[in-house]
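Protein sequences, first through last, are from chains A and B. Remember, this note's numbering sits 682 above the position in the first sequence when you count from 1. Remember, this note's numbering sits 3 above the position in the second sequence when you count from 1.
Since the hints were made in silico from the structure, they are not lab data. Hints are supplied without guarantee of correctness; some may be wrong.
[Stated by the list, open to error] List of simulated lysine-lysine pairs, DSS-like, C-alpha gap at most 25 Å:
1. B/Lys178 / A/Lys848
2. A/Lys840 / B/Lys187
3. B/Lys136 / A/Lys840
4. B/Lys324 / A/Lys848
5. B/Lys161 / A/Lys848
6. B/Lys136 / B/Lys272
7. B/Lys272 / A/Lys838
8. A/Lys838 / B/Lys324
9. B/Lys178 / A/Lys838
[Claimed, not checked] Label pairs and their in silico Cβ distance ranges:
10. A/Gly911 / B/Asp262: 24 to 32 Å
11. A/Arg768 / B/Lys23: 52 to 60 Å
12. A/Ile832 / B/Lys272: 23 to 31 Å
13. B/Glu159 / A/Gly911: 28 to 36 Å
14. B/Pro27 / A/Ile832: 52 to 60 Å
In this text, a Cβ means the ideal position worked out from N, Cα and C, and glycines have one as well.
Each chain, letter by letter, is given below.
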Amino acid sequence: MASVCFMLTMVLYFAATVSFLVYLLRRSEALSNVSLGITAAGFLFHTLALAAKMAVASSSSPPSFFEALSFFSWMIILVFLAVEIRHRIHVLGSFMVPLALMSLVSAAALPQTVPTLQPVFKTLWVHVALSMLGAVGFTVGFVAGVMYLIQERLLKSKRFNVLYTKLPALDFLDRLNQQSIVWGFPLLTLGIVTGAISAEFSRGSYLTWNAEQTGAMVTWLFYFVVLVGRLTVGWRARRAAYLTVVGFACVILTLVGVVLKSYGDVS
Amino acid sequence: MHVIVLGLSHKTAPIEIREKLAVPESRLGEALVRLCTYEGVREGLLLSTCNRVEVYSVVDDIDVGHERLLEFLADTNLSLSSEELTPHLYWYVGERAIAHLFRVAASLDSMVIGESQILGQLKDAFEVALAHKTTGVIMNKIVKKAISVAKRVRTETKIAEAAVSVSYAAVELAKKIFSNLNEKTVMLVGAGEMAKLAARHLIAQGVRQVRITTRTPQHAIDLAERFGGTPIPFDHFKEDMAAADIILVSTGASHYLIDAEDVQRAVAKRGNRPMFLIDISVPRNIEPAVRHVDNAFLFDIDDLQHRVQQNREERLREAEKAERMIGEEVAGTVEWIRSLEVTPTIVALRNRVDEIKQAELERVLGRLPHLSPQDRELIEGLASAIVNKLIHRTMVTLKAEVNSANGPAFIEAARRFFSLDQSSPSGTTEEERLRSLSSKSRLSGHEEAESVVRKQVR
Numbered sequence: 683m684a685s686v687c688f689m690l691t692m693v694l695y696f697a698a699t700v701s702f703l704v705y706l707l708r709r710s711e712a713l714s715n716v717s718l719g720i721t722a723a724g725f726l727f728h729t730l731a732l733a734a735k736m737a738v739a740s741s742s743s744p745p746s747f748f749e750a751l752s753f754f755s756w757m758i759i760l761v762f763l764a765v766e767i768r769h770r771i772h773v774l775g776s777f778m779v780p781l782a783l784m785s786l787v788s789a790a791a792l793p794q795t796v797p798t799l800q801p802v803f804k805t806l807w808v809h810v811a812l813s814m815l816g817a818v819g820f821t822v823g824f825v826a827g828v829m830y831l832i833q834e835r836l837l838k839s840k841r842f843n844v845l846y847t848k849l850p851a852l853d854f855l856d857r858l859n860q861q862s863i864v865w866g867f868p869l870l871t872l873g874i875v876t877g878a879i880s881a882e883f884s885r886g887s888y889l890t891w892n893a894e895q896t897g898a899m900v901t902w903l904f905y906f907v908v909l910v911g912r913l914t915v916g917w918r919a920r921r922a923a924y925l926t927v928v929g930f931a932c933v934i935l936t937l938v939g940v941v942l943k944s945y946g947d948v949s
Numbered sequence: 004m005h006v007i008v009l010g011l012s013h014k015t016a017p018i019e020i021r022e023k024l025a026v027p028e029s030r031l032g033e034a035l036v037r038l039c040t041y042e043g044v045r046e047g048l049l050l051s052t053c054n055r056v057e058v059y060s061v062v063d064d065i066d067v068g069h070e071r072l073l074e075f076l077a078d079t080n081l082s083l084s085s086e087e088l089t090p091h092l093y094w095y096v097g098e099r100a101i102a103h104l105f106r107v108a109a110s111l112d113s114m115v116i117g118e119s120q121i122l123g124q125l126k127d128a129f130e131v132a133l134a135h136k137t138t139g140v141i142m143n144k145i146v147k148k149a150i151s152v153a154k155r156v157r158t159e160t161k162i163a164e165a166a167v168s169v170s171y172a173a174v175e176l177a178k179k180i181f182s183n184l185n186e187k188t189v190m191l192v193g194a195g196e197m198a199k200l201a202a203r204h205l206i207a208q209g210v211r212q213v214r215i216t217t218r219t220p221q222h223a224i225d226l227a228e229r230f231g232g233t234p235i236p237f238d239h240f241k242e243d244m245a246a247a248d249i250i251l252v253s254t255g256a257s258h259y260l261i262d263a264e265d266v267q268r269a270v271a272k273r274g275n276r277p278m279f280l281i282d283i284s285v286p287r288n289i290e291p292a293v294r295h296v297d298n299a300f301l302f303d304i305d306d307l308q309h310r311v312q313q314n315r316e317e318r319l320r321e322a323e324k325a326e327r328m329i330g331e332e333v334a335g336t337v338e339w340i341r342s343l344e345v346t347p348t349i350v351a352l353r354n355r356v357d358e359i360k361q362a363e364l365e366r367v368l369g370r371l372p373h374l375s376p377q378d379r380e381l382i383e384g385l386a387s388a389i390v391n392k393l394i395h396r397t398m399v400t401l402k403a404e405v406n407s408a409n410g411p412a413f414i415e416a417a418r419r420f421f422s423l424d425q426s427s428p429s430g431t432t433e434e435e436r437l438r439s440l441s442s443k444s445r446l447s448g449h450e451e452a453e454s455v456v457r458k459q460v461r
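Isolated chain A, as found in the complex (with noise of 0.2 Å):
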């Protein structure tokens, strides 16, 4: 049941991105609702894909990267979602559905028995689940950042095209990138805090310096020093956008040491 979900998924969300991205390119409205509606579809199978797995699934065991990497896709459509009904952004889903479409494939690329840590507490769901929240924050702040340096760039040179009317203001998307950080940021916190404790029981270290820890840590650090400037001396606007496009390339490569690491626990 639940793979069968999975499936339907990843061929609606596929379908979703394909969608957008022509809808990107073209000058009729048109495809929005479309896009719109197989996204929809797309996050109800996904949604009944976790529920179903979340049943099976005794509290006990050790949540799967595999899992980690689905609910990181589900919720950064149900974010996508719940800015698309406030705002009416369509533009936003060009974005989001492909990201969301290719976490969903590089789960689905990883051996599904990966643990991410040895099973010690039921405390493990919660820090996978913090720490996946606050990357979906920085997804979103990224993607607010990339389109933010878009627009900027059409502005400044005059090139009023198809992406220029179909990009919303540059304020809006300023305004997104800071909420994001704002709540991605003291998730991540929690979600380290969490995994500290985690690794002190399981390890019996709060902090070891792997690769995985590192990158928490570095990515932590960042975004402290992005949002901390943003606050006081006015970093806002290009640089943030610039900023939380450098600040995403540590979270995917955290994510990456996380991989790295769970193979160096099994083997």
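Put chain B on the given structure of chain A with help from the hints.
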């Protein structure tokens, strides 16, 4: 019966002629009534705007009708001789006249394609005609159709979407930088017409804070009063620049009033919040190097005009789609008018009742196989007699009324009573719908705002 249009527009006549021929609203009804007193003129509608004066009419004979309409227009303004008038006039008949009305209503024939004022003007003209009862079945149908086609064009194409004036293009750009103009502050430097117009648009879009500075202090105070803003002294407006999100500059100065450093400083003071600068002055008053300042977006008159040009092209592309839609709609309307001719209606009526009679006869005679041929003939005769008697009055009335003012109404009624065509249009409900249509959204879109603003500024 023929639909005919005779008139002139901005495409064929200079303003000197148009203004003479234009019929003021107060005299529209009287003119319409006069139009319908001409022999052979059955229905009439007069569309008189600053860009066109057109008489739409339903006449018995094309050539006679044309003559009458010419007479009517020449009589409308006696200071205009028909020699002066005739070279500027165009006229269309039948299908082309209907297509012309549809194109006018959909604003494809307007000076600014896609402007929506014309639709309101057509509705007003139609209301006057309705009030004076100078339109009948055909005109009512065509005008209503024109209005609905125009609406369809507006909703299904992007013909009215993009800004086609420089001042509005500035607003459109502002909206790509600031999603919500409500809390934004505009600073007006100098009092050029275009900048004032753009400021008006911005205020109409929700901007509440307006600061105004001009070289002559009194001028700024006067303007501030009109815009509901605050005047600031010209000598140190630069210190206030950081508080402004949008700066509109148009002065007569021959040098740069604002340079890159000023903007750099203002942006830094604003904590890198974006700043939108519009320079509508020629020669320019903002140093072009401001373009390279981060988070400052400078647009000069050429940039705005470039945007307007692009939007015009976009509208033209959309106009092609609209032309196709109109083609379809005209075909349908022409079909309907054709159905209103008496001969095809009588033939259709005859066929319809014969069909019914035949079907009933077959059914009954099938159940009575024992009848002798004589009896069968008798029954057939009976059926024919009933049917003929039933439709006799209808036929006679149709033939008698065809040349009266209500002729088309009778034919339309007959077609509906006997359901002679499935796609028969509905009458009264459509009229109601029209009323509700005309009451709402008469003023929408950019261009009305534009024109209203222009008047106010003047």
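For B/Pro27 and A/Ile832, compare the CB-CB distance with the range 52 to 60 Å and indicate the outcome. For B/Pro27 and A/Ile832 the Cβ distance comes to about 53 Å; the hint holds.
Are B/Glu159 and A/Gly911 spaced within 28 to 36 Å by their CB atoms? Since the Cβ atoms of B/Glu159 and A/Gly911 sit about 48 Å apart, the hinted range of 28 to 36 Å is violated.
Straight-line alpha-carbon gap B/Lys136 to A/Lys840, limit 25 Å: Violated - the C-alpha atoms of A/Lys840 and B/Lys136 are around 54 Å apart, more than 25 Å.
If you check the beta carbons of A/Arg768 and B/Lys23, does the distance land in 52 to 60 Å? About 56 Å separates the Cβ atoms of A/Arg768 and B/Lys23, which means 52 to 60 Å holds.
Does A/Lys840 pair with B/Lys187 here, judged by a C-alpha cut-off of 25 Å? Roughly 22 Å between the alpha carbons, so the hint for A/Lys840 and B/Lys187 holds.
For the pair supplied as a hint, B/Lys272 and A/Lys838, is the alpha-carbon distance within the 25 Å limit? Since the Cα atoms of B/Lys272 and A/Lys838 sit roughly 21 Å apart, the hinted pair holds (cutoff 25 Å).
Can you let me know if the beta-carbon spacing of A/Ile832 and B/Lys272 is within 23 to 31 Å? holds (27 Å)
Honestly, do A/Gly911 and B/Asp262 meet the 24 to 32 Å range at C-beta? For B/Asp262 against A/Gly911, whose Cβ atoms are near 28 Å apart, the range 24 to 32 Å holds.
Within 25 Å, alpha carbon to alpha carbon, are B/Lys136 and B/Lys272? violated (67 Å)
Check the hint pairing B/Lys178 with A/Lys848 against an upper bound of 25 Å on the C-alpha distance. holds (12 Å)
Pair hint outcome, A/Lys838 versus B/Lys324 [Cα-Cα no greater than 25 Å]: It is violated: about 32 Å lies between the C-alpha atoms, which goes past 25 Å.
Does the structure keep B/Lys161 and A/Lys848 at a Cα separation of 25 Å or less? holds (14 Å)
Hint compliance for this structure: hints 3, 6, 8 and 13 are not met, and every other hint is.
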